[in-house]
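K.L.:
Those protein sequences? They're chains L and F, same order as listed.
Each residue of the first sequence is one higher than the one before, counting from 1 in our numbering.
Each residue of the second sequence is one higher than the one before, counting from 1 in our numbering.
Because the hints were derived from the structure by calculation, they are not lab data.
Values in this document were obtained by computation on a predicted structure and should not be read as measured data.
Be careful, since some hints might not be right.
[Stated by the list, open to error] Only pairs whose alpha carbons sit at most 25 Å apart, straight line, appear in this in silico PhoX-like list of lysine-lysine:
hint, chain 1, residue 1, chain 2, residue 2
1, F, 32, L, 141
2, L, 141, F, 40
3, F, 32, L, 32
4, L, 46, L, 32
The chain contents come next:
2 protein chains.
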Amino acid sequence: MNIPVNIPVKTPGSTGKPAAESTAKSAAHPPKVTIEVVAKRAGVSKGLVSFALNNRPGVAPETRVRILQAAKELGWKPSLRARSLSTQRSYALGLVIARNPDVLASDPFFPSFIAGVESILAPEGRALVLSVVPDAETELKTYRSLVADGRVDGVFLTDLRHGDPRIPLLVELGLPAVTLGRPDEPSPFPAVTVDDTPGVMASVAHLAALGHRRIAHVAGSSTLLHGSRRCAAFAAALREAGLPEGQTIETDFSVAAGSDATRRLLTQDTPPTAIVYANDPMAIAGLGMAHELGVRVPHELSITGYDDIDFCRYVYPPLTTVSAAPMVWGRAAASTLLTLMENGSADDVDLPAARLVIRGSTAPPRG
Amino acid sequence: MNIPVNIPVKTPGSTGKPAAESTAKSAAHPPKVTIEVVAKRAGVSKGLVSFALNNRPGVAPETRVRILQAAKELGWKPSLRARSLSTQRSYALGLVIARNPDVLASDPFFPSFIAGVESILAPEGRALVLSVVPDAETELKTYRSLVADGRVDGVFLTDLRHGDPRIPLLVELGLPAVTLGRPDEPSPFPAVTVDDTPGVMASVAHLAALGHRRIAHVAGSSTLLHGSRRCAAFAAALREAGLPEGQTIETDFSVAAGSDATRRLLTQDTPPTAIVYANDPMAIAGLGMAHELGVRVPHELSITGYDDIDFCRYVYPPLTTVSAAPMVWGRAAASTLLTLMENGSADDVDLPAARLVIRGSTAPPRG
DNA sequence: TAGCCTTCCTAAACCGGTTCAGTTTTGGTC
DNA sequence: GACCAAAACTGAACCGGTTTAGGAAGGCTA
Numbered sequence: 001m002n003i004p005v006n007i008p009v010k011t012p013g014s015t016g017k018p019a020a021e022s023t024a025k026s027a028a029h030p031p032k033v034t035i036e037v038v039a040k041r042a043g044v045s046k047g048l049v050s051f052a053l054n055n056r057p058g059v060a061p062e063t064r065v066r067i068l069q070a071a072k073e074l075g076w077k078p079s080l081r082a083r084s085l086s087t088q089r090s091y092a093l094g095l096v097i098a099r100n101p102d103v104l105a106s107d108p109f110f111p112s113f114i115a116g117v118e119s120i121l122a123p124e125g126r127a128l129v130l131s132v133v134p135d136a137e138t139e140l141k142t143y144r145s146l147v148a149d150g151r152v153d154g155v156f157l158t159d160l161r162h163g164d165p166r167i168p169l170l171v172e173l174g175l176p177a178v179t180l181g182r183p184d185e186p187s188p189f190p191a192v193t194v195d196d197t198p199g200v201m202a203s204v205a206h207l208a209a210l211g212h213r214r215i216a217h218v219a220g221s222s223t224l225l226h227g228s229r230r231c232a233a234f235a236a237a238l239r240e241a242g243l244p245e246g247q248t249i250e251t252d253f254s255v256a257a258g259s260d261a262t263r264r265l266l267t268q269d270t271p272p273t274a275i276v277y278a279n280d281p282m283a284i285a286g287l288g289m290a291h292e293l294g295v296r297v298p299h300e301l302s303i304t305g306y307d308d309i310d311f312c313r314y315v316y317p318p319l320t321t322v323s324a325a326p327m328v329w330g331r332a333a334a335s336t337l338l339t340l341m342e343n344g345s346a347d348d349v350d351l352p353a354a355r356l357v358i359r360g361s362t363a364p365p366r367g
Numbered sequence: 001m002n003i004p005v006n007i008p009v010k011t012p013g014s015t016g017k018p019a020a021e022s023t024a025k026s027a028a029h030p031p032k033v034t035i036e037v038v039a040k041r042a043g044v045s046k047g048l049v050s051f052a053l054n055n056r057p058g059v060a061p062e063t064r065v066r067i068l069q070a071a072k073e074l075g076w077k078p079s080l081r082a083r084s085l086s087t088q089r090s091y092a093l094g095l096v097i098a099r100n101p102d103v104l105a106s107d108p109f110f111p112s113f114i115a116g117v118e119s120i121l122a123p124e125g126r127a128l129v130l131s132v133v134p135d136a137e138t139e140l141k142t143y144r145s146l147v148a149d150g151r152v153d154g155v156f157l158t159d160l161r162h163g164d165p166r167i168p169l170l171v172e173l174g175l176p177a178v179t180l181g182r183p184d185e186p187s188p189f190p191a192v193t194v195d196d197t198p199g200v201m202a203s204v205a206h207l208a209a210l211g212h213r214r215i216a217h218v219a220g221s222s223t224l225l226h227g228s229r230r231c232a233a234f235a236a237a238l239r240e241a242g243l244p245e246g247q248t249i250e251t252d253f254s255v256a257a258g259s260d261a262t263r264r265l266l267t268q269d270t271p272p273t274a275i276v277y278a279n280d281p282m283a284i285a286g287l288g289m290a291h292e293l294g295v296r297v298p299h300e301l302s303i304t305g306y307d308d309i310d311f312c313r314y315v316y317p318p319l320t321t322v323s324a325a326p327m328v329w330g331r332a333a334a335s336t337l338l339t340l341m342e343n344g345s346a347d348d349v350d351l352p353a354a355r356l357v358i359r360g361s362t363a364p365p366r367g
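Work out the full structure, taking the sequences as your base and the hints as a guide.
P.N.:
Here it is in structure tokens:
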């Protein structure tokens with residue numbers, strides 16, 4: 001049953017740490033280049049090398065040049081570990097994700113967000129320490145141990161919740177942070193926000209303009225700030241359009257929940273003619289459920305999502321959705337966090353509001 | 001346009017590093033608990049505390065107890081940074097992902113894999129350092145700098161390629177690693193594998209049994225080992241079933257490419273009656289394209305995917321696919337890497353072969 | 001009682017940077 | 001030439017552990 005494909009030459013038990021030697025000409029120990037060696041070469045004390053490196057005042061211009069020259073010749077890079085010990089910093093940032101693995105897997109937000117973060121951190125020589133934990137309790141413990149171990153100098157706070165306990169915790173721990181979105185209580189941390197209200201309102205307005213009167217909402221978890229905010233935006237938009245209150249079903253943002261909610265909505269006596277989903281994965285699941293129930297989209301049911309994930313363009317019909325920009329968000333958050341740590345303060349950043357992208361999943365009702 | 005929602009009380013510019021003080025009773029400096037303090041309390045030298053902590057021989061049993069007791073009373077945890085400096089280890093593991101952001105975003109493999117990795121690392125006090133880079137060249141540089149900075153003690157090697165340059169690089173750098181899958185050339189590193197051949201072959205066998213004779217393959221990138229292996233398995237399965245060679249289109253695993261490939265296949269004079277996709281996102285895109293072209297699935301076209309991502313169950317018709325188990329993979333890889341670093345060697349692990357999951361997207365042809 | 005191991009422990013070096021008190025050099029002013 | 005301040009630089013302490021050489025105490029053999 002186990003078909004061997006290209007099994008490499010390897011005697012059992014030979015797997016192991018590769019030998020340290022790399023070049024053939026390694027006669028003795030490859031002499032480690034430390035700040036001492038550089039100092040000697042440049043004919044100065046190691047303290048001065050340190051000064052020159054971190055370009056601080058008090059080093060004569062020509063001496064500085066000589067030192068940097070020596071460092072370059074020797075190929076010296078200061079030891080991050082030694083530097084960490086004396087500066088009490090780790091030159092790394094942290095991201096703790098507390099999510100049900102299923103939800104995490106179907107949500108493309110984080111991969112993109114992280115790609116954005118990395119694009120800023122890498123050139124700065126900062127690393128990203130990632131933790132994925134199963135629940136909120138473990139999450140708090142994780143922050144504590146990240147700080148206790150001095151693993152990170154700052155963190156990204158995503159998936160804000162009402163009265164988020166992480167904010168006082170981080171304050172207590174003295175850990176700088178950036179919040180993705182604005183917390184609903186006083187926070188000392190800079191916030192990077194994308195206003196998602198206009199996008200949701202535009203979705204509803206778009207549906208209303210098409211003639212829909214019974215619009216339902218498959219919402220995300222109301223414990224999450226953006227979940228309840230999108231919910232509020234939905235209700236406000238209905239009022240604004242002069243429509244009656246719509247049905248709302250709260251979910252955990254998972255694909256399975258989106259599917260279930262859709263079934264419940266569509267198997268009623270008077271089903272809605274349009275459904276606004278709080279994220280794309282649920283909308284796609286809803287699309288599947290509609291198919292299964294024989295409800296044609298968009299002719300008998302209009303559907304909108306949120307996020308504009310890659311899939312949207314390629315399901316059928318292509319999904320009308322609201323375009324967020326997680327990569328941009330990641331970049332902004334990383335820049336802000338770096339600024340905060342460097343200057344001791346950073347301004348909030350408001351990214352351009354997410355915009356409605358109209359595709360084929362919405363049409364006038366009973367078309 | 002910018003609707004303010006719960007803007008917290010905050011004077012501009014007040015954002016900044018939160019004050020370090022946490023408890024009200026912080027009279028003077030909160031006295032840092034170092035190994036010195038513990039040593040003093042236990043009435044021994046700090047060297048001995050170190051010995052006791054790392055339970056090494058040469059400490060009298062009662063003394064050891066006294067030391068550990070003192071440490072507990074003082075709430076002492078050894079400083080990771082200091083320990084890093086003297087042991088030359090970082091107690092962190094690395095994962096470098098080189099992927100087009102689009103592909104990365106639609107592929108739920110990594111989130112799940114990482115969740116699995118974390119479930120093993122966290123209890124061991126190890127952190128995961130994640131890098132997402134745009135291309136293979138940057139990837140190599142990233143490994144170099146991770147080592148140069150001593151950020152990680154070992155790495156996970158995913159998305160193996162033919163004659164993968166990362167393997168000799170890691171050997172040169174002396175960095176322990178675990179490969180996800182077996183490289184096609186000698187490798188000193190332990191491999192954690194899931195044999196994907198049986199799954200692909202089962203897919204084809206299943207389709208052949210249903211009566212399909214024109215089966216096409218939308219393959220992944222052939223530079224990736226698992227891409228070309230699945231391709232080979234596909235061809236082999238056709239031969240085994242006594243079917244003629246099938247059409248194969250190579251892609252980059254992206255949703256867009258899956259959609260395009262499907263259009264090309266279906267708009268031919270004699271289109272296939274079944275398509276085997278190298279991953280689920282492409283299969284789902286293929287499903288969308290089939291709908292768009294008015295080709296009914298599964299009646300006029302059968303479709304199979306690979307990975308069994310969450311979506312599969314919720315699209316319509318639900319997708320027949322091959323179930324991989326990225327979380328289990330993550331766990332196995334993390335365990336193996338830890339073993340390797342502790343013992344200097346670790347055995348290969350063969351995880352149970354991925355299995356075919358039959359759902360609604362496959363049926364006899366021209367039903 | 002000397003000689004020799006063990007066992008338990010200490011003191012100090014070490015990892016490789018940063019930082020600061022203080023010394024030497026430089027240059028300007030009267 | 002004396003005086004002084006600023007600039008340039010050194011030496012040593014420091015971050016907080018690990019590791020090693022070696023010392024003291026105790027037990028065993030001859």
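K.L.:
Hint compliance check: list the failing hint numbers for this structure, sorted ascending.
P.N.:
Hints 2, 3 not satisfied by this model.
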